[in-house]
Amino acid sequence: LGLSFIAEWVWVRRRSLPRIEYVVVVVILGVVVARGYLPGFVVGLVLAVALLALSYGRVDLVHEVTFGEVYRSSADRPPGERERLRALADRVQILRVSGHLFFGSTNRLLDRIRARIESQTPPRFLVVDLGRVTGVDASAVAALAKAERLASALGTHIVLTGASDGVRTRLKRGGVLGTEGVVSFETDLDSGLLRCEEALLEAATPEDDGMTGPDGFPPGLVPYFERVAVAEGTVLLQQDEPPGDIYVLAEGRLAVEISTPKGKRLRLRTLRPGVVVGEVALYTRVPRTADVVAETRCVVLRCSREQIERMEAEDPDVAASLHRWLAGTIAYRLGDTMRTFDVLLD
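243 is the number that the numbering used here gives to position 243 of the sequence shown; each next residue is one higher, with no gaps.
What the hints contain is simulated information worked out from the structure, not anything from laboratory work.
Even glycine gets a Cβ: it sits at the ideal position worked out from N, Cα and C.
Do not rely on the hints blindly, as some may be mistaken.
Straight-line C-alpha distance at most 25 Å; calculated SDA-like pairs for lysine to any residue [stated by the list, open to error]:
1. K146 x E186
2. K172 x V62
3. K146 x R96
4. K262 x P242
5. K146 x L95
6. K264 x S191
7. K172 x T134
8. K146 x L201
9. K146 x V182
10. K146 x S184
11. K172 x T187
12. K264 x L194
13. K262 x S74
14. K264 x R253
15. K146 x E64
16. K264 x A75
17. K146 x T134
Quick list of simulated restraints, FRET-style, between CB atoms [stated by the list, open to error]:
18. A89 x S259: 16 to 24 Å
19. S152 x L38: 50 to 58 Å
20. T187 x R15: 47 to 55 Å
21. P219 x Y332: 18 to 26 Å
22. R173 x R297: 37 to 45 Å
23. A89 x T284: 32 to 40 Å
24. T234 x D315: 29 to 37 Å
25. A327 x T296: 26 to 34 Å
26. E8 x R149: 24 to 32 Å
27. Y332 x T187: 22 to 30 Å
All chains should be built: construct the whole structure from the sequences, respecting the hints.
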């Protein structure tokens with residue numbers, strides 16, 4: 001057995017093994033010679049586990065992404081709100097964490113958090129996405145508790161998103177309690193980013209853009225749109241129904257949902273005031289692709305196909321402004337979809 005070990009591992013593998021692994025082999029051989037086979041096996045097992053922890057700890061499990069263009073909530077917003085959020089992009093920092101957080105990788109995460117919070121212009125929100133984290137050990141819990149105390153002192157709000165029930169329970173037991181104004185838990189990254197966006201927009205003062213309708217709505221179109229109140233829970237547009245009217249949300253919040261072939265309801269995005277719906281079916285003449293449901297009491301501006309045809313006949317300039325506005329909306333959504341697709345391919 002000893003000759004086989006020496007021939008196979010010490011001599012034949014001396015050039016194929018990485019240097020540190022070859023050193024482990026030599027140490028095992030030395031322990032076997034000095035203390036026996038069983039102690040050598042135990043030492044080898046301990047060194048292999050330590051080597052695995054060291055190698056795994058070198059893997060960068062923290063990925064920094066930029067808030068704004070791609071990494072933002074699924075809320076569909078009018079141009080004015082998008083511009084204000086783009087100007088405030090540096091107020092939100094996002095860290096996406098993967099794998100198992102243990103003593104070998106915890107320091108790197110804490111260093112990233114400290115670097116963001118202690119920067120010259122600390123962000124208002126630091127989003128730490130734990131959706132891909134499989135587990136945490138005591139050192140990771142202690143590091144996040146330390147980050148909570150640091151954020152409390154410097155005025156940054158930490159948003160922990162996507163944590164599984166097991167990870168969340170472990171964090172709370174370790175003292176990461178979700179202190180109001182310091183740390184909060186959200187079910188997923190989209191919910192966390194939506195919370196940040198709403199807070200930033202609430203604090204920002206919108207500029208007067210001279211529009212008489214919702215934000216970004218061309219004023220010449222107002223006479224052709226009917227103002228309609230919609231009760232909470234009302235299905236404004238229904239999946240698979242024929243195309244017809246278009247709507248512009250003036251007040252409230254709408255949700256876009258679809259039903260899968262298995263009957264499961266999926267929420268796609270949230271619509272904010274100033275956003276138009278129904279424009280794709282208007283041009284393609286295909287059935288509606290999703291349900292649009294009033295999450296709150298809403299006020300919408302409705303324009304029928306007949307009204308659009310009358311507008312084109314009576315006032316071509318206003319009709320052209322409508323089609324330019326709808327084309328810009330579709331182009332923006334397509335560009336947003338392509339940016340998201342590019343990130344998924346990266």
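Of all the hints numbered above, which does this structure not satisfy? Sort the numbers upward.
8, 18, 26
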